[in-house]
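Trainee: The residues making up each chain are set out below.
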Amino acid sequence: MKTTRRDFLKVAGVTALGMAAGAGSALANSKGAYLPHYEHMAPGHQHLTAKRWGMVIDTRAFHGEEDFAPLIEACHKEHNVPHLPGKQEVKWLWTDSFHASFPHNHQEFLAERVHHSRYLLLCNHCDNPPCVRVCPTKATFKREDGIVMMDMHRCIGCRFCMAGCPYGSRSFNFQDPRPFIAEENPVYPTRMKGVVEKCTFCTERLAEGKMPACVEASEGKIVFGDLGDPDSEIRHILAENFTLRRKPDLGTSPSVFYII
Amino acid sequence: MYDGGKIIAGLIVFLGIVGFPFWYNAGSAGYKTPELKLPPKSKATECIEATEWMRAEHMQLLNTWRDSVVREGNLEYTTASGSHVEMSLQKSCMDCHDSKKDFCDKCHTAAAVEPYCWDCHIAPKEEK
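Respectively, the protein sequence lines represent chains A and U.
-18 is the number of the first residue of the first sequence in my numbering; add one for each residue after it.
-17 is the number of the first residue of the second sequence in my numbering; add one for each residue after it.
Any given hint might turn out to be false.
Okay, the calculated bits of chain U under chain A, using three or more residues with CB under 8 Å as the criterion [said to hold, decoys possible]:
(1) -12 to 1
(2) 40 to 48
(3) 69 to 75
To give a feel for the contact side, a few chain U residues facing chain A, derived at Cβ under 10 Å [said to hold, decoys possible]:
(4) 31
(5) 99
(6) 106
Think about it this way: if two alpha-carbon atoms lie no more than 30 Å apart in a straight line, the pair counts; the simulated DSSO-like pairs of lysine-lysine are [to be verified]:
(7) U:73 <-> A:119
(8) U:83 <-> A:174
(9) U:107 <-> A:191
(10) U:-12 <-> U:23
(11) A:174 <-> U:82
(12) U:73 <-> U:-12
(13) U:73 <-> U:19
(14) U:88 <-> A:174
(15) A:58 <-> A:202
(16) A:68 <-> A:58
(17) U:73 <-> A:58
(18) U:73 <-> A:191
(19) U:107 <-> A:174
(20) U:25 <-> A:191
Derived by calculation from the structure, the hints in this document are not laboratory data.
Remember, predicted model here, so these are calculated numbers, not experimental data.
No residue lacks a Cβ here, since even glycine has one placed at the ideal position from N, Cα and C.
Take these sequences, add in the hints, and give me the full structure.
Mentor: This is the structure in structure tokens:
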């Protein structure tokens, strides 16, 4: 049989009609499709907000490891940070010497007290964070309030952020961290093998109207507040005291300040 | 006829093999919704959205919650009945559904899905 153009068009038309009908009924069947109820979602009533969160650590008030220990413990317990010795260590809050903390501060004849002190270190929540620039999945991002946040769900463990961070603030989970958590906090997740983690300035506590865990445990030795508000307590403290930031010449603009 | 018997025998064997999945499963029970351990009536009588909706959409709801909390800094969800819950897998869902084994896992095993959430999120302690 020879197909004429007319026959072909007839068949094509019927086919198209049939397909349209099929698609129509499929659409009708999906009437219960998922609609996210965005209007049902809101911040907590007491959540704390700022233009740019920052922290001032009064290093004069810390006199040794026993002063740092309760802060580190509060943080690591709250966030289920595993205790792993050696090179696979995972840390959100830790201490180091002056020269390791402020290597760009080439001070000859440094004051003894400053030289021998230890310094409390954490993610600096930089205003210009290199980790955010290099993250290929936007797992790490800067929130509007300046906090450099980790979305664990997106982390693929590529560790570019660790290469990008000049402060060593990020730790990689080389193994399942669960066996190394002495006591799990049931209201916060752990992490899993193959993701990077770090301090989040306790976004989960700010959302509930609470200060970060280390600030609460420091009994006033750390002040946390809004760097973007010239009338805030933290800005007054910065105006009255000489402070240092870690590696400021790199241009990352850390939001953690140290009164020396 | 050219070897009709052989052709017919061959056809029967062929149809038998091709039809294997159908006759193998014929008569065995189809999918049944597993028996779930629901929260006690004293705790709650309804979920945060309609039960049917939850059954079909809870995985997407959880994804939306996750982004809303982690990326947008939100905390509260207004439920279908107008009350408020914290948008949290561990603190809300698993507070009412306090057995992962007899609730989430029951369905997921039947549906052969294995959410990886529990690699990080801590499931409630199961009563033995």
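Trainee: Now tell me if each hint is right for this structure.
Mentor: Going through the hints against the structure:
1. -12 to 1: violated (count 0)
2. 40 to 48: holds (count 5)
3. 69 to 75: holds (count 4)
4. 31: This interface hint holds because 8 Å falls under the 10 Å limit.
5. 99: Given a least distance of 9 Å, the restraint on residue 99 (chain U) holds.
6. 106: Constraint on residue 106 (chain U) satisfied, holds at 7 Å.
7. U:73 <-> A:119: holds, 26 Å
8. U:83 <-> A:174: holds, 23 Å
9. U:107 <-> A:191: holds, 27 Å
10. U:-12 <-> U:23: violated, 67 Å
11. A:174 <-> U:82: This hinted pair holds, its Cα atoms lying about 22 Å apart.
12. U:73 <-> U:-12: Distance ~68 Å between residue 73 (chain U) and residue -12 (chain U) Cα, so the pair is violated.
13. U:73 <-> U:19: Status holds; Cα separation ~18 Å.
14. U:88 <-> A:174: Satisfied, since the Cα-Cα distance of roughly 26 Å is no more than 30 Å.
15. A:58 <-> A:202: Holds - the C-alpha atoms of residue 202 (chain A) and residue 58 (chain A) are around 20 Å apart, at most 30 Å.
16. A:68 <-> A:58: holds, 21 Å
17. U:73 <-> A:58: Status holds; Cα separation ~17 Å.
18. U:73 <-> A:191: Holds: residue 73 (chain U) and residue 191 (chain A) sit about 17 Å apart, inside 30 Å.
19. U:107 <-> A:174: Answer holds: residue 107 (chain U) to residue 174 (chain A) is near 22 Å, not above 30 Å.
20. U:25 <-> A:191: Holds, at roughly 28 Å.
The structure fails hints 1, 10 and 12 (numbered hints given earlier, in ascending order).
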